[in-house]
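Undergrad: Protein chains in written order, with our numbering: chain A, 334 to 687; chain B, 55 to 121.
Since the hints were derived computationally from the structure, they do not count as laboratory data.
Please note: incorrect hints may appear among the correct ones.
Only pairs whose alpha carbons sit at most 20 Å apart, straight line, appear in this in silico SDA-like list of lysine to any residue [what the hints assert, rightly or not]:
#1 A:K515 to A:V563
#2 A:K547 to B:E114
#3 A:K340 to B:R106
#4 A:K547 to B:C101
#5 A:K344 to B:E67
#6 A:K370 to B:E105
#7 B:K71 to A:V563
#8 A:K344 to B:E78
#9 B:K71 to A:T379
#10 A:K515 to B:C101
#11 A:K344 to B:C101
#12 A:K547 to B:I74
#13 A:K547 to B:Q83
#14 A:K344 to B:Q83
If you anchor each label on the Cβ, the simulated ranges turn out as follows [stated by the list, open to error]:
#15 B:V93 to A:A582: 53 to 63 Å
#16 B:V93 to A:N378: 37 to 47 Å
#17 B:G97 to A:P481: 37 to 47 Å
#18 B:E88 to A:R519: 57 to 67 Å
#19 A:T475 to B:E88: 31 to 41 Å
#20 A:G565 to B:V93: 37 to 47 Å
Quick caveat: nothing in here was measured; it's all calculated off a predicted structure.
We treat Cβ as the ideally placed atom computed from N, Cα and C, and that holds for glycine.
What follows is the residue order along each chain.
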Amino acid sequence: MIDRSYKKLLKLNRFPHTWCPGCGIGAVLKNVAIGLKELGWNEQNTTVVSGIGCSGRMAGYMNLDAVHTPHGRALTAAEAIKTVRPDLNVIVLSGDGDLGSIGGNHLLHTFRRNPDITVFCNDNEIYGLTGGQAGPTTPEGTKTITSPRGEHHQPLRLNRILTAKSPCFYARTTVYHVNHFKTCIREALLYKGFSFVDIISDCIELNGRRLGFKTAHQMFKWFDERFHIVEGVRDHLENDELGIVKKEAEVEVKAEAKTEVEGKLEVLIEGLKLLTLEELKHFDGTNGKPIYIGYKGNVYDISASPLFQGEKRMRCHIAGKDLTRDIETAPHGEDLVYHFPMVGRLKVKAEAEK
Amino acid sequence: MYMKPRLNVIWNEIYCKRCIICVEVCPVQALAFERDEIVERPGCIRCYQCERYCPDIAIEVMDEEKR
Ligand SMILES: Cc1ncc(C[n+]2csc(CCOP(=O)(O)OP(=O)(O)O)c2C)c(N)n1
Ligand code: SF4
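Kindly generate the complete structure, drawing on both the sequences and the hints.
TA: Structural data, given as structure tokens:
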């Protein structure tokens, strides 16, 4: 039996909704509602903001407090709401034209300021409501009402722009890959910071028909040919890939500080302590103790790391542990560890020999 | 709200916009579009595919207990 409680989040009395038969926006609305319901987000703690366009109508069908902003200004309104009421979950439902061209300036700067809002962009590669003109994401060579001989210009690569700095969260999915779509929605809602889900969707009436598709499902098949899913969390997405890009905040180590630490390293080598894994556990940063981690048989003092700031763990890395394997599988290299002073050696090998 | 009961799926005539995504996603061709109506033929394997893809929440696969 499947859970249909998501319907409580939709204004069913306004149904059937205004979109054309087979339009992907309905699927976006439904899946976002399912995602919100799964996380228990409801009218008490969630606000939805949308812009103008066919996709901008989505907020009106949500049984939540909704703001319908002027064209392109969805992100500004959302950021303002989040600033004034940090306890609210703010989501933005809008179109690619609204977010990428008319609101392009706001997209860049909201991304830069990284507020904790989640954006679901219905990317139908066209301006839908106004009649099917070429928009910012229309692929080069596509015939539209304003480009009858094929669009000359290259599209805006949101996958490049919105992954250019870290931290960032960018996911691309389609309305056809439903399971992937649901995972992306969930991950994006849970992410703390600016998260953007680029949902490739179909505008069958004003784009699909001109491209020669008879039904929405034929367009779905076309999405399946054009894109393929890549597994796991990536640090960038190619133009034909669907997946999730998530980058953590970069640790900025100034050039001067680096040389200082390197100098320190040499001095410390004489006074190295021998620590067993048991002893290492005590140095986890609690009660003002320093934070030590083990790496390749050495012990490093990482108290100065901005990421561990009085915390026992930094995402997947736990203080007071041998992190050799973790760091090998981590997206960053081992050089991050070498920035910190070495304070001792691990006694693991010696024990094993005994 | 008027819903037409079928063998396995409930089709909501009012919400449906006849985009026939459900007919096309059905892996066993148990749904068909005839005379402006979605009709169900025998052979439904209850995969919920039509319900998952319907953008208008117009089609639902009945729960096992209610049948
Ligand atoms: C300031 C302003 N400029 C132009 C418009 C006209 N306009 C209305 S909707 C739209 C395009 C919306 O496209 P998109 O965000 O892709 O949504 P879609 O309709 O494709 O879902 C435009 C240009 C407007 N309403 N306001
Ligand atoms: S014009 Fe396109 S985007 Fe707008 S409702 Fe119709 S199919 Fe959907």
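Undergrad: Against the 20 Å threshold, does the CA-CA distance of B:K71 and A:V563 hold or violate the hint?
TA: With Cα atoms ~34 Å apart, B:K71 and A:V563 exceed 20 Å; violated.
Undergrad: Could you grab the alpha-carbon distance between A:K547 and B:Q83 and see if it respects the 20 Å cut-off?
TA: holds (19 Å)
Undergrad: Check the hint pairing A:K547 with B:I74 against an upper bound of 20 Å on the C-alpha distance.
TA: holds (11 Å)
Undergrad: Holds or violated: A:K370 and B:E105, Cα atoms, limit 20 Å.
TA: Holds. A:K370 to B:E105 sits at ~17 Å (cutoff 20 Å).
Undergrad: Are the Cα positions of B:K71 and A:T379 separated by 20 Å at most?
TA: Answer violated: B:K71 to A:T379 is near 30 Å, above 20 Å.
Undergrad: Measuring from beta carbon to beta carbon, are B:V93 and A:A582 in 53 to 63 Å?
TA: At 56 Å between Cβs, range holds.
Undergrad: Under the criterion that the straight-line Cα-Cα distance not exceed 20 Å, is the pair A:K515, A:V563 satisfied?
TA: holds (15 Å)
Undergrad: Using the C-beta atoms of B:E88 and A:R519, is the stated range 57 to 67 Å upheld?
TA: violated (38 Å)
Undergrad: Please work out if A:K547 and B:C101 have their alpha carbons no farther apart than 20 Å.
TA: violated (25 Å)
Undergrad: Holds or violated: A:K344 and B:C101, Cα atoms, limit 20 Å.
TA: violated (27 Å)
Undergrad: Kindly confirm whether 37 to 47 Å is satisfied by the beta carbon distance between B:V93 and A:N378.
TA: Given about 43 Å between the Cβ atoms, the range holds.
Undergrad: Does the structure keep A:K344 and B:E67 at a Cα separation of 20 Å or less?
TA: This hinted pair holds, its Cα atoms lying about 18 Å apart.
When the structure is compared with the earlier hints, violations turn up for hints 2, 4, 7, 8, 9, 11, 14, 18 and for no others.
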